[in-house]
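In order, the protein sequence lines correspond to chains H and Z. First residue of the first sequence: 1, per this note's numbering; consecutive thereafter. First residue of the second sequence: 1, per this note's numbering; consecutive thereafter.
Please note that a few of the clues may not be correct.
Chain H regions said to be covered by chain Z (calculated; three or more residues, Cβ under 8 angstroms) [to be verified]:
no.: 1; region: 41-48
no.: 2; region: 55-68
no.: 3; region: 103-111
Calculated pairs, DSBU-like style, for lysine-lysine (alpha carbon to alpha carbon, straight line, at most 35 angstroms) [claimed, not checked]:
no.: 4; chain 1: Z; residue 1: 42; chain 2: Z; residue 2: 68
no.: 5; chain 1: Z; residue 1: 58; chain 2: H; residue 2: 13
no.: 6; chain 1: H; residue 1: 57; chain 2: Z; residue 2: 5
no.: 7; chain 1: H; residue 1: 57; chain 2: Z; residue 2: 15
no.: 8; chain 1: Z; residue 1: 57; chain 2: H; residue 2: 57
no.: 9; chain 1: Z; residue 1: 71; chain 2: H; residue 2: 57
Hint data in this document are derived by calculation from the structure and do not stem from the laboratory. If you're wondering where the values come from, they're calculated on a predicted model, not measured in any experiment. Backbone N, C-alpha and C fix where the C-beta goes; we use that ideal spot for every residue, glycine too.
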Amino acid sequence: KAGVTQTPRYLIKTRGQQVTLSCSPISGHRSVSWYQQTPGQGLQFLFEYFSETQRNKGNFPGRFSGRQFSNSRSEMNVSTLELGDSALYLCASRGQTSTDTQYFGPGTRLTVL
Amino acid sequence: QQQVKQSPQSLIVQKGGIPIINCAYENTAFDYFPWYQQFPGKGPALLIAIRPDVSEKKEGRFTISFNKSAKQFSLHIMDSQPGDSATYFCAAKGTGSARQLTFGSGTQLTVLP
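So that you can see chain Z by itself, here it is in the shape it has in the complex (with noise of 0.2 angstroms):
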């Protein structure tokens, strides 16, 4: 039940597509669910982050949806970048003493120049 289910595994787009990155969880207890980008040889940094309450969050390019009846969400990324090519991670967020972040498996995104 703490699981949170992320795909695509891997995912390539041209520049300026709009990659889709989704993930699906069943606990729900999560109440907050952050997006991270991940570089190789560097710490996760955080991108953007929704609460169930809102269906939607723009920040930038980069856009979350939220789908609370379905237990779905999902990252956009607008117009994509080459320098956008990374490993994003959804994540959720436990309440009371599990205040741990549950993460999705990861998304390796490449965006072709």
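So here's chain H without its partners, still in its complex pose (with noise of 0.2 angstroms):
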């Protein structure tokens, strides 16, 4: 089976724009979990959604949302983007049977100018 792939794999963009990331997860899976991976903070959680519905949400500022799609591939989007948003952005998919095993993607670096 292929694995969790993300794209774009790097972005950059400036400060006030907004910016939108795509993860596709291994077939068959339905729950697409996203992190955020900083030097400073490690590797935080976002949001997780199952079955196009969000399940769980991480202590993000609501500029930060995502929504899943009936193919369980998933997107999330920053608005407004501050400095403080370089990161990379991982994505990671669980499936039916291991339902605890989480499997990670390459991630997006995005680099906000």
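Assemble the dimeric complex from its two separately framed chains, guided by the hints.
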């Protein structure tokens, strides 16, 4: 099976812009979670989607949002970008049988100038 | 109560040594404890995981030791190799609606040839 894929891999934006990141889970996986990774804060949970519904949300401002489509692909959006949003954004999917194990994609490196 | 504390922050060992990375948690509702390995420019990859009803689990050169009463768990890497040089993260998964992973701060391991 192909792994979790994320696009784009690298992105440069300026403050105030918005950005949309995409994630395609492993085939058959219906749960998609998003994490932000920074040197200062480490890996932090953003939100989880399952069957097109947000199931859980981390402690991030409302500028961070997401959605999931019927094919389980997910997007996250960050509006009004701030310098502090520069990070590696990771997507992880979880399957039906081994529901505890999350498999991560390579991430999207976002740089905000 | 959601924190997972990881130590040391960095670790240097000689080839063949046995690096040990430690993690401690507070939330007794955590029910799954994975370790991830991350190379630069890549997403975290699952190494090995354990549930709290087991005190030890081995997979190849990687061993998790789990002490439920102390709320601590550790990763041992036997016969470490230069290719093991990476950042290692411990994590803990919640239950019910809070099934996201809470990560430790990471340990940068360097194995010298």
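Status of each hint after checking the structure:
1. 41-48: Our answer is that it holds, as 5 residues pass the Cβ test (under 8 angstroms) against chain Z, meeting three.
2. 55-68: Our answer is that it holds, as 3 residues pass the Cβ test (under 8 angstroms) against chain Z, meeting three.
3. 103-111: holds (count 5)
4. Z/42 <-> Z/68: Holds, at roughly 31 angstroms.
5. Z/58 <-> H/13: Given that 35 angstroms is the threshold and the Cα spacing comes to 44 angstroms, the pair is violated.
6. H/57 <-> Z/5: holds, 22 angstroms
7. H/57 <-> Z/15: Violated, at about 42 angstroms.
8. Z/57 <-> H/57: With a Cα-Cα distance of about 31 angstroms, the restraint between residue 57 of chain Z and residue 57 of chain H holds, given a limit of 35 angstroms.
9. Z/71 <-> H/57: holds, 25 angstroms
Hints 5, 7 from the list above are not met by this structure, while the remaining hints are.
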